[in-house]
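Note that my numbering has the sequence shown beginning at 310, numbered continuously upward.
Wrong hints could be hidden among the right ones.
Computed Cβ-Cβ distance ranges for the label pairs, DEER-style [what the hints assert, rightly or not]: (1) Asp518 <-> Ser402: 32 to 42 Å; (2) Glu593 <-> Ser432: 38 to 48 Å; (3) Glu603 <-> Ala637: 13 to 23 Å; (4) Glu413 <-> Ser521: 26 to 36 Å; (5) Glu429 <-> Ile477: 26 to 36 Å.
In short, the hints are calculated from the structure, not lab data.
All C-beta atoms, glycine included, are put in the ideal place defined by N, C-alpha and C.
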Amino acid sequence: MRYVPRSTEFSDGDYKAKYLLSGGRLFGLRRTAEGALVPAFGTEKLQQEGMPAAAQAAYFSSGGDLYLYNSGSLYRSTGAYGNFFLFGSNFTSPPFFAECHEGEEDFAIISDGSLALRAEESSVQDDTCPPVCSAVVHYSRLFGVDTSDKRMVRWSAAGDAHDWTESINGAGYVRLDAPRGDISKLVVFDDKLIAVRKYGLTVLRVFGDAESFRVDVTDTDTDEIVADTVSVCGGKLYFFTPSGLYRYDGTVEKYEPEGLEEFCEAACAAACGGWLYAGGKLGEDDVIACIGCESGEVSYIKQRADCICAAGRVFFFGDGLYEIKPDAASSGEWESDVLDFGTPEKKLLERVEAAGSVSSLTVNCGGRSRTFTGGGNTFKTGICGRQFTFSLVCSGKVYRLCARYAIRR
């Protein structure tokens, strides 16, 4: 009898198909309405001269100027394109930026509560220091946290950020209750002023005459808020605590979009164009989480961010200064969850078929890893195992990724 070798122990009818792209984690990618993956969230490194070696805080003004703060010194780049130059020094902490419009004058007060500068379009000069830190402009008044009492909110006279003479409708203050702790930040949200506190939020309604100002009693207690992550995006106030991401729109709720489960140690965040960009960790790796505040999408940038700022454009400082380009990226990566295709039995992964611009496919199984490149978009894998993870690198849109497998009996 003549022996005829078989190339497989399975017939075509034994093979099943598993479409893969519906879950997993995205790096430098986002999903289209049809479920395809496209490169997104590219980064561009800026190379201006005079840039500090590190940055603890960043601010991007409405006029388009970029400021970096590091160890008491403040640097500015005009238009975020020009070289950086030393703008101010001897600050004791990252200063606030309050953009004021008084009469026909437009200027910014930059202060840490001990030192103040007045910045105009083409000049800077020393200014009278307001008795506050963490200040914002709201309804023509400057509101800030008292420099010596972190539970006290002070406000200037209407239309004059330099007038702190207390009177019924002039400057004044309110001291908040103790349980939620010190105020770390003030944020203008809708028509309200939100005092971000160590363990929650306090809502202040501060418009009209000062005698009408009031503090609302709200159920907004939380675990400890990371102040530098507080941002307004898509009509809601977002912030991180050690337990995750929360949002506020009258009530506080936890926000848990798919893909954000393992993101942790968020340290900074900024919002732009319906997206929240937050610097933190994914496992042991430094990443920036790009979170769609309305769509619920989550993608990551594999870079460290020590500080982030945004105002029409998004910048972060990590191992240098970068701008995030939401719609400009040359490539991206998709990583699957651990997949057993719905059964714990051993399987033969015969091949993986892709449609789109795939650069490489990596398959991990049983502690071993194989990477496939070239040969079109059909990758003949021939790997046996019970559980698999996949990693796909693409240089353009990817429409489909399908695993062809059979269960070994």
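Evaluated hints:
1. Asp518 <-> Ser402: 32 to 42 Å: At roughly 33 Å between Cβ atoms, Ser402 and Asp518 fall inside 32 to 42 Å, so the hint holds.
2. Glu593 <-> Ser432: 38 to 48 Å: holds (47 Å)
3. Glu603 <-> Ala637: 13 to 23 Å: holds (21 Å)
4. Glu413 <-> Ser521: 26 to 36 Å: holds (28 Å)
5. Glu429 <-> Ile477: 26 to 36 Å: holds (32 Å)
The structure agrees with every numbered hint stated previously.
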